[in-house]
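Colleague: Residue-level listing of the chains:
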Amino acid sequence: METFINMVLLTLLAVITIGVVRLRNLFAVIILGGIYSFLMASVLIVLDAVDVAMTEASVGAGISTVLMLTVLYMTRVEEAKPVHSPMLPLFVAGVTGAVLVYGTWGLPAFGLADTPLNNHVGMTYMDLSIPDTGIPNVVTSVLASYRGFDTLGETTVVFTAGIGVLLLLRRGVSVARLRRKQQEEESKS
Amino acid sequence: MEVIQPILAHFNHWITIFLLVAGLYVVVARGNMIKKLIGLSLFQTSVYLLYISPGKIFGGTAPIIDDKIEVYSNPLPHVLILTAIVVGVATLALGLGLVVRINEVYGTIEEDEIFTQEDDEE
Amino acid sequence: MQMVIDILSWVLLVAGGVFMVISAFGVNRMPDVYARLHAASVADTLGAGLLIAGMMLQAGPTLVTAKLVMILAILFFSSPVAGHALARAALVAGVRPHVDHPEESGEACGPEFNVEAIPHETVREDVKLIPSLGGRRPASRKAAAEPKTAKPKTSKPTRTAAKPARKPAKKG
Amino acid sequence: MFVAATLAILVSLVLLVVRALKGPTVFDRLVAANSIGTAAILLLAVVGFLTGRPEFLDIGITYALLNLIGTLAVLKYFRFGDLAHSGGEEPED
Chain R
27 METFINMVLL TLLAVITIGV VRLRNLFAVI ILGGIYSFLM ASVLIVLDAV DVAMTEASVG
87 AGISTVLMLT VLYMTRVEEA KPVHSPMLPL FVAGVTGAVL VYGTWGLPAF GLADTPLNNH
147 VGMTYMDLSI PDTGIPNVVT SVLASYRGFD TLGETTVVFT AGIGVLLLLR RGVSVARLRR
207 KQQEEESKS
Chain B
20 MEVIQPILAH FNHWITIFLL VAGLYVVVAR GNMIKKLIGL SLFQTSVYLL YISPGKIFGG
80 TAPIIDDKIE VYSNPLPHVL ILTAIVVGVA TLALGLGLVV RINEVYGTIE EDEIFTQEDD
140 EE
Chain A
2 MQMVIDILSW VLLVAGGVFM VISAFGVNRM PDVYARLHAA SVADTLGAGL LIAGMMLQAG
62 PTLVTAKLVM ILAILFFSSP VAGHALARAA LVAGVRPHVD HPEESGEACG PEFNVEAIPH
122 ETVREDVKLI PSLGGRRPAS RKAAAEPKTA KPKTSKPTRT AAKPARKPAK KG
Chain Z
1461 MFVAATLAIL VSLVLLVVRA LKGPTVFDRL VAANSIGTAA ILLLAVVGFL TGRPEFLDIG
1521 ITYALLNLIG TLAVLKYFRF GDLAHSGGEE PED
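Chains as they are written, first to last, in this note's numbering: chain R, 27 to 215; chain B, 20 to 141; chain A, 2 to 173; chain Z, 1461 to 1553.
Just to be clear, a hint being listed does not mean it is correct.
[What the hints assert, rightly or not] Below, a list of computed lysine-lysine pairs in the PhoX-like style, where the Cα atoms sit at most 25 Å apart:
# : chain 1 : residue 1 : chain 2 : residue 2
1 : Z       : 1482      : Z       : 1536
2 : Z       : 1482      : B       : 55
3 : R       : 107       : B       : 55
4 : Z       : 1482      : R       : 107
What the hints contain is simulated information worked out from the structure, not anything from laboratory work.
Let the hints inform the model, and build the full structure from the sequences given.
Modeller: Given below as structure tokens:
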């Protein structure tokens, strides 16, 4: 039953993706992106990744949507018709997909316990978490304790990105305004 | 059953590959920058699936330890992907900042129009 | 006792599921946004309510039930807010409600957004009048056909009549 | 019994996705998106009972709140053309 739910949700994800690729109204694309995030979060729940599902829902359906809408306010809603023929990108994408599908035959099947991934360090954390940290949620203990420096690096990335956005959008020494002013003066003179 | 077995075994991988290829196509083929960023996030989400789905074990539940439960899914991919999601939204914000800036300078976010503007200036 | 609870939650869950499907079906079949909103609200009230009630019976008096009550409460408060905002935003953006008798309600509506943009006469010819509801075109139909004087019988007549001309419809 | 409810929710999800892809206007898509949010919450709860661990319903609460926020953000944009608008009066553009 779980596999069935998983397959249905994944198929819906693929269908929504087709919509996202094809539509040219960016509003509709953003709304479909929200739906995509909700479906992805449901898939993650079925795959037992509850923490990831929560984060994905809040980031994908919440923050990303709001950020994109804010940017869309400053730009155009309708995407221009593509000038180039989409054949070459389609070809590249198709070849990439074919090669990757060929590669899947070497991967272990879905849901098995005796795969290499499920027999090494990941499962060791399950046994160690309670004696070492006393936290029942293993994801939390790994994130904050065993791989705490990883999380520190992550926060550094977020901090850097925040500073980057602030520097980009600073109003005072806007290069664009200087440039526009120059153009205006040139056109006047 | 013979036919359905490999489908069941690799369905997650195939959908992952489909999402990845769709993201790649959007990034390559579409000129609109917001659409490109959406394509990048499609690409990113496919990687989440790629990591999370092998960690699932049949009959297992979420890795929150409880006395009644015997089988858990693998927690390590979850941790890695949590980091990836947060970094992903940070890069998305930065990309959108760049889009706003490009729009300020060129008045458009279509790649082709920007190229024609550049050509005109030369 | 367990038996009774099981049967009851069976009934509740199945009924909730049926309402969910009906609601989704309605969202697909209804003619315009407002009718679709009406269909979608079935899922938020009856569908979610019955399903969660069935699950609460199964969970018994535990923390799970408290969480289910929380979810139900948030749904009950949030879905009317979202629905109201949606309908209002659609009205402001110029989506005309689909009406069976455009002459009587004073405006012609169709699947198109911008009714003023298409010739009015063609819209009026399409409309079939139902005899049991009068069936005759009102005397003031010439006036009603004029886009300027078309007054929809909605809460904000002037605004909706004036809006679409200025704000072009966003189709997507 | 949870299997029946799960199947019903999956069917309704499929139908709603069809509407979200077809829906001629943005608002149709939004209606579908809102309902998909509700369906996702219920699916989460039912799957929790189905797998015998119904403890993750807190995530459902988060979904419900996010669903409202997402819908309202899009709608506010639509009515005022600006997410930072203080609301209050109708725009007089």
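Colleague: Each hint needs a verdict: does it hold in this structure or not?
Modeller: Consistency of the hints with the structure:
{"no.": "1", "hint": "1482/Z x 1536/Z", "result": "holds (23 Å)"}
{"no.": "2", "hint": "1482/Z x 55/B", "result": "holds (23 Å)"}
{"no.": "3", "hint": "107/R x 55/B", "result": "holds (14 Å)"}
{"no.": "4", "hint": "1482/Z x 107/R", "result": "holds (20 Å)"}
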